[in-house]
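K.L.:
Going down the list, the protein sequences come from chains A and B.
Counting in my numbering, the first sequence runs from 584 upward without gaps.
Counting in my numbering, the second sequence runs from 74 upward without gaps.
For the record, the hints were derived by calculation from the structure and aren't laboratory data.
A quick note: this is a predicted structure, and the numbers were derived from the prediction, not measured.
Cβ atoms here follow ideal geometry from the backbone N, Cα and C, with glycine treated the same way.
Chain B stretches covered by chain A per the calculated footprint, using a threshold of three residues with CB under 8 Å from any CB of chain A: (1) 97-103; (2) 126-139.
Partner residues are not named here, just some residues of chain A that face chain B (Cβ under 8 Å, in silico): (3) Trp588; (4) Gly599; (5) Gly601; (6) Ala603; (7) Gly677; (8) His720.
Label pairs and their calculated CB-CB ranges: (9) A:Leu696 to B:Arg99: 26 to 34 Å; (10) A:His720 to B:Ala214: 38 to 46 Å; (11) B:Val140 to A:Ala654: 33 to 41 Å; (12) B:Pro147 to A:Ala654: 36 to 44 Å.
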Amino acid sequence: METDWIWGLIGGGLIGLGGAVFLLGNGRIMGASGILGGLLDGSGRGNTAERIAFIAGVVLIPMIAVVFTSAEAQTHLTPNLAVVVIAGLLVGLGTRIANGCTSGHGVCGISRLSWRGLIATIIYILAGAATLAVLRHVWSLI
Amino acid sequence: MRLVLSFSAGGLFGLGLFLSGMTDTRKVQGWLDIFGNWDPTLAFVMGGAIIPMAIAWQLTRGRRPLVGGSFPTPPRQELDRRLVIGSVLFGMGWGLAGLCPGPAMASLSYGGTGGIVFMIAMAAGMIAAPPVVQRLDHTAAKA
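Excised from the complex, chain B in its bound form (with noise of 0.2 Å):
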């Protein structure tokens, strides 16, 4: 049941990426080219994604995950440097190639070699993270 439902839940969010052309870089660069000729597209898929996600959370209020256990406890709400440095590199990233990670599996069999390469660049900076965030969370304590 559960590797059911996570296999549509992940079929779902490919067939969504695929069908709002959020796996053409040029609809996201478009997006983020603000100087050039600004796309909107990607503020209606956030806006339409965000509208059902919303729902969703209302409806975990007094409910279990149909496979049992708990939803996830409510968000810190505290910043801290972790989330400004990741999202500044990540948006960095997301800008030179318009591609992020959902995107990026949801087109790896039509996205050639170049889709490929990206997918073991960020696979290689997913692994090489820990440490980095080690680090971050280290100096943070000495501080």
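Extracted from the complex, chain A is given alone in its bound form (with noise of 0.2 Å):
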């Protein structure tokens, strides 16, 4: 849709508005990864609270915002659950090791000239890319 740019500029807006919060409130960096992989290994036991009213404010504002939006919210995902699971874990796997995903190392990393934020957003735009291509135009399988 010729609007979507629009939309993007908002959402993205209010993102980075939540990572400001976080950071100048709680003196935190805003990483979704981070703070729901402290929570499930144990490494964020000193601000577990902390992390469960995130985890709830990113769960539950989408949930009411969908009532009041005429659009069907979609999230088009795969209805292979193989793919899934696979994806899944590697999500999970992959951001851990990193230390930090789209938001931790794209939004927050970028923002403050953090080189390693920069570098590990070139690379998993790059290894997505990269995955899609081959997948989906070569083997045709997604």
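Using the hints, put the two chains back together into the complex; each one sits in its own frame.
P.N.:
Encoded structure:
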């Protein structure tokens, strides 16, 4: 749609605002994989409540927003559960090994001119594009 | 206060992901699909998010967080194996399904069974990561 980029900018602005609140308010970097991962592997024991509050916001606010929008919310995730499982495992493992994902390395890292954040972002975009190119256009699997 | 701010930050993040279309795997895969029908939306989302965030980093100078304590220390600049290997694995999974951790959580209420399966697999991957990291650090120290 032609208005997609406007919604992209608006939504992006809200994402950045969320990161700003988390940084200036709590003094913490808003990284989705770090906040969730620290909760799961026990490394974030010191601030469990803060992590749960953040995740509650991430899950609940879109749930409410969906009710107020006319367009139906759809993720269009592939129905192939084997692909979903493999992708989920790779995303979980990779983000914790690299210590960050799209929000941590991408948004929070690049905005503070972090070399590591920029390099990580370039690598995961290239790896994602290469994976899609091979599986979709060469092997026609996804 | 800390929890209210945390919930608000999460809420803004989730709402932003939903409104920007980033919980729609077609738009994310569209951005990564350079040989298909390329979709530039993700670049606008990234740009839109980086601007307020860059201002926030500027505002940290000479200040303290609202709830007290201190701001994160400046990032390390050197690259290591962990960053490269982890980012490659993450990118492969991201390309496969079009979901990353933030949107996976934000779409949990409307993503259906597939979304829940993705979350469980992602959680399993996250729990499996520390031993892998330890191994990577160990072999790096030996080399």
